[in-house]
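Protein chains in written order, with the numbering used here: chain G, 1 to 256; chain E, 257 to 518.
Worth double-checking, as some hints may not be accurate.
In the SDA-like style, the derived pairs of lysine to any residue whose C-alpha atoms are separated by at most 20 Å in a straight line are [unchecked claim]:
#1 E/K420 x G/R69
#2 E/K515 x G/D81
#3 G/K99 x E/L376
#4 G/K18 x E/Y335
#5 G/K121 x E/V419
#6 G/K56 x E/R460
#7 G/K56 x E/E412
#8 G/K56 x E/E411
#9 G/K139 x E/E415
#10 G/K121 x E/H410
#11 G/K56 x E/G418
#12 G/K56 x E/Q332
#13 G/K121 x E/A463
#14 E/K420 x G/G67
#15 G/K139 x E/G418
#16 E/K515 x G/H113
#17 G/K116 x E/S464
#18 E/K420 x G/L54
#19 E/K515 x G/S82
#20 E/K420 x G/L68
#21 G/K116 x E/R402
#22 E/K420 x G/Q92
#23 G/K99 x E/W462
#24 E/K515 x E/L505
#25 G/K76 x E/L405
#26 G/K56 x E/F422
#27 G/K56 x E/E415
#28 G/K139 x E/V419
#29 E/K420 x G/K99
#30 G/K121 x E/S464
#31 G/K18 x E/R334
#32 G/K99 x E/W401
#33 E/K420 x G/L52
#34 E/K515 x G/A118
#35 G/K116 x E/W462
#36 G/K116 x E/E467
Hints are computed from structural coordinates only; laboratory data are not their basis.
Read off the chains here:
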Amino acid sequence: MPDSLLRLNDMSLHFGEKSVLEHVSLSLKRGEITTLIGPNGAGKSSLVRIALGLLKPSSGEVIRQTGLRLGYMPQKLVIDDSLPLTVLRFLQLAHRSNKSTALNILSMVEGQHLAKQAVQKLSGGEFQRVLLARAILRKPDLLVLDEPVQGVDMSGQRELYRLITRVRDEFNCGVLMVSHDLHLVMKQTDHVICLNRHVCCAGLPENISNHPAYLQLFGQPEESELAIYTHHHDHQHGLSGDACSDDSHEHDGEEK
Amino acid sequence: MMELLLPSLLGGIGVALVAGPLGSFLVWRRMAYFGDTLSHSALLGVALGYALELNINITVIVVCISMALGLVALQQQRYIANDTLLGILAHSSLALGLVVVSLLNDSRLNLSSFLFGDLLSVTTEDLITIYAGSISVLITLVLLWRPLLAITIHEELAEVEGVKVFWVRLALMVIIALVIATAMKIVGILLITALMLIPAASARRWASSPESMAVLASILGMIAVCGGLVMAYNFDTALGPTIVVCCTLLFLLCYLWPKKSV
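Construct all of the structure, not just a fragment, from the sequences and the given hints.
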């Protein structure tokens, strides 16, 4: 598979007795946006950490394209108030980059006016854009974004999704994104993977332009960066989250 | 007076020079208690030095580094939080040090000079040790500055970006151990952390970059050493605690001084 940036083959992970991921296989390709959704404790973060090489799977294969450059946007990054740090300086920590490269990247995420501000003073949306800038500073082949829009207001989310699409187009990189929301994913997503320890279902996000609930929430579809992914499960989860053989739709791993 | 105080002054300045930047990292990484743990364990190093008839500087460094390594090993488990681990190590090692000291019953070992410092008896040999330690710590800090800052902000992000996080973290612990071993003579085991933390915390309000905070912390530490020496000489007070009191006065001054902009 020559165009696969990163491939997981029948990969499982367990911490002691506790099984975290079971027989997960997936493939990330250049130019494609893959969104990972799933309930809390589904193993999304563990999967991301395996993809980044921060964690080793208990079994199965992780195949990275040789020389793969990764860009990473972590989920929660809190910089201690005691550290005096401007946005520009924060970006330059990623890489021995000169000022103009850092400024260029910052303008790409529409944050050039933030350069001299202290990182602790940014709003949630501004800080996420700066984190995105840091992730793309090294011109990554694969961009890994862990809940990039968490804690960002709706217009900020739309903005971020638009920037992520632009980054994908400009660098022609692959994108693996964890979504904090089970039902809303980025509209430009090429591939959605629903994870609950194992891959529950995967596919394309539906075209939701006529969905009334969606229209009510977000206005005109052409202005929006969001899409609704409808789940089609062929199995049911018991209390423990184990898959049961049942064809009705039950998702959260919690009792309803 | 000058000839009498010069070795002490040089020794104090040599320690304050590195205590500033290193203390900044302790503040940024919320490792204040870690500094305490290592310095408390230094007494065990002193006691071992006397018991085994070895150079005290070396045994202190060895004990501090083993303590840092022990902590790294203990951090691999997932049951006990960091601050609890530090508390266990700090007090166990201090207690063990005191037990060994009382077992030795060695008249040469003046416990209070190690606990509170004995800067006035600094010898040329001590000065050489202090400056050799300080300069090697400074060089290491300059070389590792960017990776150290990167892991301070986010360890996993730094690792993805190619920083060898484990080794950089270990290096930081080792240089903290080195500074404690060299600073022990100046302010004593119980107050070393103060010389690292207080000037760095004072510098924060006036710093606009990590580097300016580190440099300002060094300068403030040196001022406190000079002020402490003068005060201790004139009022005949214990030197180590007097230096720390000076640090605290500077800290208050830094935060009470009116600031116009920002």
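Would you check the hint for G/K76 and E/L405, treating anything up to 20 Å between C-alpha atoms as holding? Given that 20 Å is the threshold and the Cα spacing comes to 17 Å, the pair holds.
Hint consistency between E/K515 and E/L505 [alpha-carbon to alpha-carbon, up to 20 Å]: 18 Å, holds
Is E/K515 within 20 Å of G/A118, Cα to Cα? Status holds; Cα separation ~17 Å.
Between the alpha carbons of G/K116 and E/E467, is the straight-line distance 20 Å or under? Measuring from Cα to Cα gives roughly 16 Å; hence the hint holds.
Satisfaction of hint between E/S464 and G/K116, Cα-Cα up to 20 Å: Holds, at about 10 Å.
Is G/K99 within 20 Å of E/L376, Cα to Cα? The hint is violated at about 48 Å.
Within 20 Å, alpha carbon to alpha carbon, are G/K56 and E/G418? Holds, because 17 Å separates the two Cα atoms, which is no more than 20 Å.
Pairwise hint evaluation, G/L68 against E/K420, where the allowed Cα distance is 20 Å at most: Holds, at roughly 18 Å.
Taking 20 Å as the top limit, are the C-alpha atoms of G/K139 and E/E415 close enough? Holds, at about 17 Å.
Restraint status (C-alpha distance of E/K420 to G/R69 at most 20 Å): This hinted pair holds, its Cα atoms lying about 16 Å apart.
Given the hint that G/K18 pairs with E/R334, does the C-alpha gap stay at or below 20 Å? Holds. G/K18 to E/R334 sits at ~14 Å (cutoff 20 Å).
Given the hint that E/K420 pairs with G/G67, does the C-alpha gap stay at or below 20 Å? This hinted pair holds, its Cα atoms lying about 18 Å apart.
Of the hints listed earlier, those the structure fails to meet are numbers 3, 5, 6, 16, 23, 29, in rising order.
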